[in-house]
Amino acid sequence: MAHEIMCRSFATFLLLAIPLSAGQQAAPSPGELSYTSGMALVADGKLQEACPHLEDAYRLGLRHSGLVLQLARCRFALGQEDTAVEILESSVAKTSSPNLLLEAGKLLFYRVLYQQALAPLEKAWHQQPGSYDVGMYLALAHYMLEQYRPSENVLSAIRTDGPPSLEFCDLLGSVYARLEQPAAAKQQFEKAIRQFPDRADGYLNLGLFYLEQGDDRSAKELFEKGAEKLQPGTKVFYTIRKRANCRGLELPRASGAKDPVRGQTYGNFARSLENMQQWTSALEVHLLALKSDPDLSLAYGGIGLICQELGTPEQGRAFLQRGIELDPRSADLHYYLGSIHQALGANDPAIASYERAIQLKGPDVPPRFLVRLGMAQVASEKTAGAESSFTRALERDPNFAPAHYEMGKLLLKSGRVELAERSLEQAIRLDPFLREAYYSYGLACMRNGKAVQGQAVLASYQKKKALHATVGQGMSTGAPFPAKPGPAILQ
Amino acid sequence: MIRAGTAIALVAGTGALLLAVAGRTASVPKLAFVDVTKEAGLAAFRNVQGGVAAKPHILEVMGGGAAFLDYNGDGNLDILLVRGSTIERFRQGGGDPVCALYRGDGRGHFVDVTEAAKLNARGWGMGVAVADYDNDGRDDIFITGYGRNFLYHNRGDGSFEEAAAQAGVEKTTWSLGAAFADLDRDGNLDLYVANYIEYPLDRLPKRDASCNYRGFPVFCGPRGLPGARDALYLGDGKGHFRDVTAERGIDPEKSYGLGVVIADYDNDGWPDIFVANDLQANLLYRNLGRGKFEEVAVGAGAAFSEDGIEEGSMGVDFGDFNNDGWLDLYYTNSSYQTNTLLDNNHDGSFTNVTNPAGHGQSTYLYVGWGTAFADLDNDGWEDLFVVNGHLYPEADRFAMGLEYKQRSLLFFNQGGKTFREAGLQLGLNQLWKSRGLAIGDYDNDGKPDLLINNLDDAPVLLHNASPNGNHWLLVRCVGSQSNRSGVGARLTLRTGQSQQIREIKAGTSYLSSNDLRVHFGMGSNNRADLLEIRWPSGKVQKLENVKADQILVVKEE
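One line per chain: the protein sequences are C and U, in this order. Using the numbering used here, the letters of the first sequence map in sequence onto residues 1 to 491. Using the numbering used here, the letters of the second sequence map in sequence onto residues 1001 to 1557.
There could be a bad hint or two in this list.
[As the list claims (entries may be wrong)] Counterexamples of contact, computed for chain C against chain U with all Cβ distances above 12 Å:
| hint | residue |
| --- | --- |
| 1 | 86 |
| 2 | 89 |
| 3 | 148 |
| 4 | 161 |
| 5 | 166 |
| 6 | 178 |
| 7 | 227 |
| 8 | 232 |
| 9 | 327 |
| 10 | 329 |
| 11 | 361 |
| 12 | 366 |
| 13 | 383 |
| 14 | 415 |
| 15 | 418 |
[What the hints assert, rightly or not] Here are the in silico distance ranges between beta carbons for each label pair:
| hint | chain 1 | residue 1 | chain 2 | residue 2 | range |
| --- | --- | --- | --- | --- | --- |
| 16 | U | 1324 | C | 418 | 15 to 25 Å |
| 17 | C | 419 | U | 1414 | 25 to 35 Å |
| 18 | C | 385 | U | 1396 | 47 to 57 Å |
| 19 | U | 1165 | C | 429 | 55 to 65 Å |
| 20 | C | 419 | U | 1496 | 47 to 57 Å |
| 21 | C | 398 | U | 1527 | 42 to 52 Å |
| 22 | C | 398 | U | 1054 | 52 to 62 Å |
| 23 | C | 429 | U | 1249 | 33 to 43 Å |
| 24 | U | 1171 | C | 89 | 43 to 53 Å |
| 25 | C | 418 | U | 1529 | 51 to 61 Å |
| 26 | U | 1051 | C | 244 | 21 to 31 Å |
| 27 | U | 1224 | C | 429 | 35 to 45 Å |
What the hints contain is simulated information worked out from the structure, not anything from laboratory work. A virtual CB, placed ideally from N, CA and C, is assigned to each residue, including glycine.
Turn these sequences into a full structure, and let the hints guide you.
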């Protein structure tokens, strides 16, 4: 009877199941009670408040899959990626529960920990070969790791009762494209469009495919159709790999034709791709936008930013400068230009750009502008100015974690170690994902005589860093690493 | 005739005269350097490291070191320069002679005595460390290399015998930095060798798209290539070394080791080891006593940049830039990274003061290699000298403000608080592909001179011709219970209210070895109240009322 309760969520199911089943057996253990309390908070949407209860339950010996998954979610939410991964990996190693394996894999996947996601997903796949859910995540993890043949193998082995899903077609098409099978790729994307004509996904994926093939006309048509149907949750798997960076990129020449509406459409799509860190695709779409409207400052700004992300900021500078010529009152463009100047070691021009951006924003200046100004002032050895900039940023927004972080580093350098520790602690509290703050915080703790705490924070920092390490074969001294792209879902 | 107050730079190829005499304003250091390479007889040397126009392999860009030493004990510094080879010559004939030795006459003339000294082993040389490892009273030479290392034992008759295999220090895949020190304070010198990567010539990495620098295809590595574990050897003073690497827990992660420097940074009397690693966390081995170590770089603030990121760290030195009695640390990094100056907090940790101290934006675009603390103008504050040169010949095509050949940087110490980069002002505008840097007073005039080993090119010997009347002191320490070279001795010089410390190091900078004599600048003081020497044996010797402007030889009593 207890198990026939209708429920709306997994958490609720567990919440109701335990007391009812417990009523038929012995009184719940302290661990179970902690778990119940925690899950009640989760059901109310209070994940962070639930965390201490779930930690207690784990400490008291409870180990079932519901607790493990929820505790991992808690730890991720608190920025404790390293311990979240530890608990998942430990459980994955011991379990054969397909549900736990799949959920663990998904959790890791959505945290952009694709390499770590492989183990639980492969184990789940082994348990349930052909499973659609498992197979899709596994294939996608392989795809995000650029392991295209394994991805194709998994997709080929997925069993479905009805016609393939939209995501399946788009992912398989993307994989075929990377395996240099364009005809097969096109077939999949066209199938997606035929079967789901009201969804943007197929149009956008196929559009990117055509763009990479050099067929701008088809790409444009598809982007326009896709733009009409955009909704949250649209998935763009396809990644253009025409260019690894901006080397050799030239400013577009002025042309007579100008279509601002189309240009804006493509520019907006490119901006969405930027938000997913799909840099190389976003770059090509921005360039397409400029073909429609060579005066689209949004595109110049986007390209400038992308060039910096791809390790070629000097090319980005030219694009930003053109954008500023077109839109001299765009604070964002001045801000991005400042960032590029700084990356190139030109700190005084960076300061000038940031100051201009701040001036243009007026009273609504975002705190990040002030923080970047302060960082350039630090690099330019203007310490007093930097401290003032960080202070202004905190006046604008006392909850802006990067301002606390940068201020903390400055305080540490100048020997004000107690204040430094407080600033850095605040930075982490406000943004547990500000990974670099843990390093400085750890050092500050050590300086303040809290060796044990400091060592623990530093050890945690190194584990967090190791989770996201990427090692290209021979990325040479001094070369920056671009950020890993996130899951391919437009918000 | 050059008048004071003028600044001139005449550039005319090798043997160029660089002369900058500045003294118009108080803020300009009274320093002058003259390029005497040709006159000194060094211009014919070439640090061959693979091809010149193109460098398809990382092996071809990392060496070589430079050293000042006194191999014949005549009181005049001699010079040793390390060279590499080419892949073809290495494969076919075992490489080139790994070094050249030049005997100095104390007046700026050097004669190539390589053949006479029997320093004729062939291979691919990288770095050098000099010390009397067997306590027989004569400087010996350790040369690191690709494929094997070389240990030249000084016979005392003007020649050397190669003894690396016998000593137990020959084996390596690819060694770079090295330093001698008495790590267990038993009176015998020990040896730390930084090893870089596994790079077998029969399995060279294939260049693919990931081997690029900001979009340009370049040689592969070091990332993605397997690292080689550093090595720690304990010496018995009789010419043999025991490998204790694994036993002492040294470098289990097999980091990409480059520069090494050994000194007592925490003032507990035991020498500690700092290793600069390329694109990985640096290592700081705190000596717990008797040569047992704890690796503490992360917690000490010496492993990463201030944002917790690994850097391409290369050359290293310990020095007390603010005269607070504690050794600070400086290391050079790659381009788009600043060099790093760490101020000792006196509690086992350091604070990164790179930007506030003036080493930030002035080093950002340079690829830094050899570096040294030295009081170049004898004002009582140690300055810093850095030699630079990019990794990639392609840098000239990058159009991002970087060049393959880069100028050296001279950081003038402004009273122990900040530094000012004064290289251009002083006429140091020559562009080189520099690697090793050694400091030594080759003409015994009390002013430290600079020896630079350049890639694929002649070295540069810069004579310090600074026209100031500041006083100085050079001290040669001769151990008796301690190792004969006095390596690890801590010297403290007190003049009135001020105090300076130095520690004798055998192997520092980038793959290089300085004059083992200790140099102090004394400013306007013509005598020191006290010179204290804390020997590695633990003995403390004090000399009072020491006259300036002399070379003092102190034997351990």
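Verification of the supplied hints:
1. 86: Correct as stated: the minimum Cβ-Cβ distance to chain U is 19 Å, above 12 Å.
2. 89: 21 Å, holds
3. 148: Label holds. Min Cβ-Cβ 15 Å, cutoff 12 Å.
4. 161: 42 Å, holds
5. 166: 32 Å, holds
6. 178: Holds, because the least Cβ-Cβ distance between residue 178 (chain C) and chain U comes to about 14 Å, which exceeds 12 Å.
7. 227: Non-interface label stands for residue 227 (chain C): nearest chain U Cβ at 31 Å, farther than 12 Å.
8. 232: The claim stands: residue 232 (chain C) keeps its Cβ more than 12 Å from every Cβ of chain U (closest is about 34 Å).
9. 327: About 26 Å separates residue 327 (chain C) from the closest Cβ of chain U, which puts it past 12 Å; holds.
10. 329: 29 Å, holds
11. 361: 26 Å, holds
12. 366: 21 Å, holds
13. 383: 6 Å, violated
14. 415: Not fine: 7 Å to the nearest Cβ puts residue 415 (chain C) too close to chain U.
15. 418: Answer for residue 418 (chain C): holds, closest chain U Cβ roughly 14 Å.
16. U:1324 x C:418: 15 to 25 Å: 21 Å, holds
17. C:419 x U:1414: 25 to 35 Å: 27 Å, holds
18. C:385 x U:1396: 47 to 57 Å: At 35 Å between Cβs, range violated.
19. U:1165 x C:429: 55 to 65 Å: Taking Cβ atoms as reference, residue 1165 (chain U) and residue 429 (chain C) lie about 59 Å apart, which means the hint holds.
20. C:419 x U:1496: 47 to 57 Å: Violated, since residue 419 (chain C) and residue 1496 (chain U) (Cβ atoms, about 36 Å apart) do not stay within the stated range.
21. C:398 x U:1527: 42 to 52 Å: 59 Å, violated
22. C:398 x U:1054: 52 to 62 Å: At roughly 55 Å between Cβ atoms, residue 1054 (chain U) and residue 398 (chain C) fall inside 52 to 62 Å, so the hint holds.
23. C:429 x U:1249: 33 to 43 Å: With Cβ atoms ~36 Å apart, the hint holds.
24. U:1171 x C:89: 43 to 53 Å: 38 Å, violated
25. C:418 x U:1529: 51 to 61 Å: With Cβ atoms ~38 Å apart, the hint is violated.
26. U:1051 x C:244: 21 to 31 Å: For residue 1051 (chain U) and residue 244 (chain C) the Cβ distance comes to about 26 Å; the hint holds.
27. U:1224 x C:429: 35 to 45 Å: Since the Cβ atoms of residue 1224 (chain U) and residue 429 (chain C) sit about 37 Å apart, the hinted range of 35 to 45 Å holds.
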